[in-house]
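Chemist: Read off the chains here:
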Amino acid sequence: MSEEAKVVTKQRVAGRPKLLVRQTAGFVYCPGCHEPITARAIAEVLEEAGMGDRTIGVFDIGCSSFLLGLLDIDAVLTPHGRPPDMATAVKRIYPDNIVFTVQGDGGLLSIGADPLLGALTRAEKITIIMLNNAVYGTTGGQMAPTSLVGQKTTTTPQGRDVIRTGFPTHAAEMISTFKGTAYSARGAFNNPYNYERTRGYIKTAFQKQMDKVGLSFVEILCACPANWRLSPEDSLKWIEEKMLPEFPLGEFKSVDKIE
Amino acid sequence: MVRAEVVIDEEQCQGCGYCVKFCPRGCIVIAGDKFTPQGYLLPSFVKPDECNTCGFCAMLCPRAAIEVYLNISSEVPV
Chain A
618 MSEEAKVVTK QRVAGRPKLL VRQTAGFVYC PGCHEPITAR AIAEVLEEAG
668 MGDRTIGVFD IGCSSFLLGL LDIDAVLTPH GRPPDMATAV KRIYPDNIVF
718 TVQGDGGLLS IGADPLLGAL TRAEKITIIM LNNAVYGTTG GQMAPTSLVG
768 QKTTTTPQGR DVIRTGFPTH AAEMISTFKG TAYSARGAFN NPYNYERTRG
818 YIKTAFQKQM DKVGLSFVEI LCACPANWRL SPEDSLKWIE EKMLPEFPLG
868 EFKSVDKIE
Chain B
3 MVRAEVVIDE EQCQGCGYCV KFCPRGCIVI AGDKFTPQGY LLPSFVKPDE
53 CNTCGFCAML CPRAAIEVYL NISSEVPV
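Protein chains in written order, with this note's numbering: chain A, 618 to 876; chain B, 3 to 80.
Isolated chain A, as found in the complex:
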C-alpha cells in the first residue's frame, strides 16, 4: 500500500527583470509615470537576448535621464539634446555593442532636432527611443513640440493655439521618410496588449541595429499624470481618447536594406 504526499512547487510567473534595479533611495518617478515601464520593457528585451553586458545606453537630460539609475547597464549621460551625437561616437568605437538613446519629446524634437537630423542623414546604426508625453515633464509641464491642439499646459493656459504655436510634431512619421532609417514605429503602454506590442517594436529596433541596417527609432506614448493634472487611471483614458487619434500606433517603416 502506497501513501501519497503533496509536493508544492512554487513557480515564478512574472516579476522584476534582473536588469531592472530595485531602487531604495534617490530619485523615484511620480506615481503612474510610464517611463519606468519603458525601462522594464528595455530590460526584458535585453535579458531575453542576453545582451545586458554588451549594451551601452546614452541618456539625455530630463525625466528620461533617471533611467540611468534604473537599468543595470553601461551608460553615458550627455548634454541636453546631444545623445545622437554621443551615440554615434560610442557606436563607432564599439561597433558590436547595442547602443541606444532614450530621450524625451523636448530633448529630441526641439533642442535635439539638429543632432537627430545629423544622425539620420549619416544613417548611423543606433537606436533612438523617444518618450512622448506631450509636455515638458521635468520643468513643470510647459508646452512641448508634441502637445496636442487645444491642450492646456503651464505656458498655454488657454489651450494650444494653432495660429500662435502651430501643430504637434509626428516624429515617427517624419523619421520614416528619411533614407537612412531602417525602422520607425510608435507604441504605447496604456494596456497589456500595447505593452507586448511596444516591447516587440523595441526588440525589432535592436535587431535592425545588430543587423547593421540603419537608424532605428521607436516612439512611445507615455502618461504624465503629474503634469496633465489627472489621476493615473484618468491619464490612461486621456491617452486612449486624445493621444491615440493624433498619434496612431504601428510600424511606419521596416526595411532590411537601405539604398
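If you're looking for bench data, these hints aren't it; they were derived computationally from the structure.
Treat each hint with caution, since some may be false.
[To be verified] In silico contact screen, one side only, chain A against chain B (beta carbon under 8 Å); selected entries:
{"hint": "1", "residue": "A622"}
{"hint": "2", "residue": "F806"}
{"hint": "3", "residue": "P809"}
From the three backbone atoms N, C-alpha and C, an ideal C-beta is built for every residue, glycine too.
Place chain B on chain A using the hints.
Modeler: Just chain B now, with coordinates in the frame of chain A:
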C-alpha cells in the same frame, strides 16, 4: 490549497492603481485602509482562488513591485 500568489513589495509600491485597473478578474483592490511606508495607498490581493496568473498586474507596474507565483501541487507516492 492556494494556487496563485501575488506578492506586493510595500516599500516600492506607489499606489498608482494600475494593477487594480488591469486585473481582468478583480483580484486586486485598493480598500483604502492600508498604507505603504511612504504613505501611498496600498493595494491588496484578495481573491487567490480566482487569479489565473496572467501577470498583467506585474507587467504594467511602474515600480516593478509585483511578483506573481504559481503553486503547482502534485501528488507523488512516498
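Chemist: Holds or violated: is there a CB of chain B closer than 8 Å to the CB of A622 of chain A?
Modeler: Status holds, d = 5 Å.
Chemist: With a cut-off of 8 Å, does the beta carbon of F806 of chain A approach a beta carbon of chain B closely enough for the hint to hold?
Modeler: OK, holds: F806 of chain A within 8 Å of chain B, min 7 Å.
Chemist: Would the hint on P809 of chain A be counted as holding, given a Cβ-Cβ threshold of 8 Å to chain B?
Modeler: Holds, about 5 Å.
Violated hints are absent here; each numbered hint is respected by the structure.
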